[in-house]
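2 protein chains.
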Amino acid sequence: MSLHEEVDALRRVPLFAKIEPSKLKLLAFTSEKLDYQPGQDLCTQGDAGDAMYIIMAGEADVLINTPSGEHRVARLGKNSFVGEIAILCDVPRTATVRAAGSLTALRISKDLFFRLVGEFPQIAVEIMRELAGRLDRTTKDLAKARAA
Amino acid sequence: MSLHEEVDALRRVPLFAKIEPSKLKLLAFTSEKLDYQPGQDLCTQGDAGDAMYIIMAGEADVLINTPSGEHRVARLGKNSFVGEIAILCDVPRTATVRAAGSLTALRISKDLFFRLVGEFPQIAVEIMRELAGRLDRTTKDLAKARAA
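Protein sequences appear in the order of chains R and X.
The opening position of the first sequence corresponds to residue -2 in the numbering used here, with each subsequent residue numbered one higher.
The opening position of the second sequence corresponds to residue -2 in the numbering used here, with each subsequent residue numbered one higher.
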C-alpha cells in the first residue's frame, strides 16, 4: 500500500477524521501495520501491554477468562480500537483479542498514543466518547444479568 | 468558603492536580458548587443531561432501573466524577445518582467540560484512565455474572 493510500485509510478512521493529512503522514510512518490470520491473538489476557490497536480490516473477538472458561464479551469491527485499557491504566492485558478472520490492525505504541492525545484533544474526546459508550452498554448488561 | 479555600479544594481533586492555581481560580468561578441532602438526586435516569459532577464531600449511589426494580451498580466517594456519559455521548442520563448522605458536588457544564479537555490534555488522560478502569471492572463483573 502506498503512503497516499495509507493516509487515505487513516482518514476514514473516525478517530483521525479531523487531523490534517500532513500529520496523518507522520502517523502512517510512526505506527505499525500488522496482518493476522484467523484465530491469531492481537494480545493475550495477563500479558504486559505497551500498545493499542485500531482494526483497519476484519473483525476481532474480545475474550475474558473466567473460572468456567473463556467468555466472549464483545466483537469488534473495522475502525474499532482495542487494547487501550492496559496502556491507560498500566495493568496487564485485561482481555484476549483474537482475529475472527483475516485481520489488519494498526499498532499504536503507548508513547505515540500519549503524544497524539496531547497534540489532538479531538482524539481524546473521541476515545472518551467510545469508552463512555462501552461503559454504558456494559453497565446495562450487568444490571440485566444480575436482575435475571 | 473563600476563593482561596475553593482553589485549594480543587487542587486536591486528582483530575485538577496538574493545573496551575490561576486557572483553577477561573474554574472555581465558572463551575457551580451544590449541596445535596441525603436521598436527593444529582441526576435522574432518563432525564436530559448537560453537566457532569465532581463529588467534593460525601458519597453517592449509582442506580439503574431494570424490569425487576432499581439496582445499585456503584458507590462513589470524594473526588469521583459522574454524569460524564450523557455529555460525552449526547444521550439521556443513563443512571440515577443519589446522595448517600450529605453531599457537596461541583457542577461542570458541558461547555466548560469541553473547554477544559481542549485546554488541558492531562484532564482528558485522567478521565480516559478512570473510564478505562471502570470499563475493566464492569466487564469482569459481567463475565462473572454470566458465568454464574
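Warning: the hint list may mix true and false statements.
Identical chains blur together in the list; that is why a pair holds if it fits in one copy or across any two.
As the list claims (entries may be wrong) - EDC-like, lysine to aspartate or glutamate: derived pairs with alpha carbons at most 16 Å apart: (1) Lys75 x Asp5; (2) Lys137 x Glu67; (3) Lys22 x Glu3; (4) Lys141 x Glu67; (5) Lys15 x Glu67.
What the hints contain is simulated information worked out from the structure, not anything from laboratory work.
All values reported here derive from a predicted model rather than from experimental measurement.
Comparing the hints with the structure gives:
Taking the shortest Cα distances, Lys75 and Asp5 sit within 16 Å of each other inside one copy (15 Å), while across copies they are farther apart (45 Å). Taking CA atoms no more than 16 Å apart as the test, Lys137 paired with Glu67 passes between copies only; the shortest distance there is 12 Å, against 21 Å inside one copy. Taking the shortest alpha-carbon separations for Lys22 and Glu3, only the intra-copy value of 8 Å comes in at or below 16 Å, while the best inter-copy value is 45 Å. Taking CA atoms no more than 16 Å apart as the test, Lys141 paired with Glu67 passes between copies only; the shortest distance there is 11 Å, against 21 Å inside one copy.
In this assembly of identical chains, the alpha carbons of Lys15 and Glu67 never lie at most 16 Å apart, being 38 Å within a copy and 40 Å across copies at closest.
The structure shown violates just one earlier hint, number 5.
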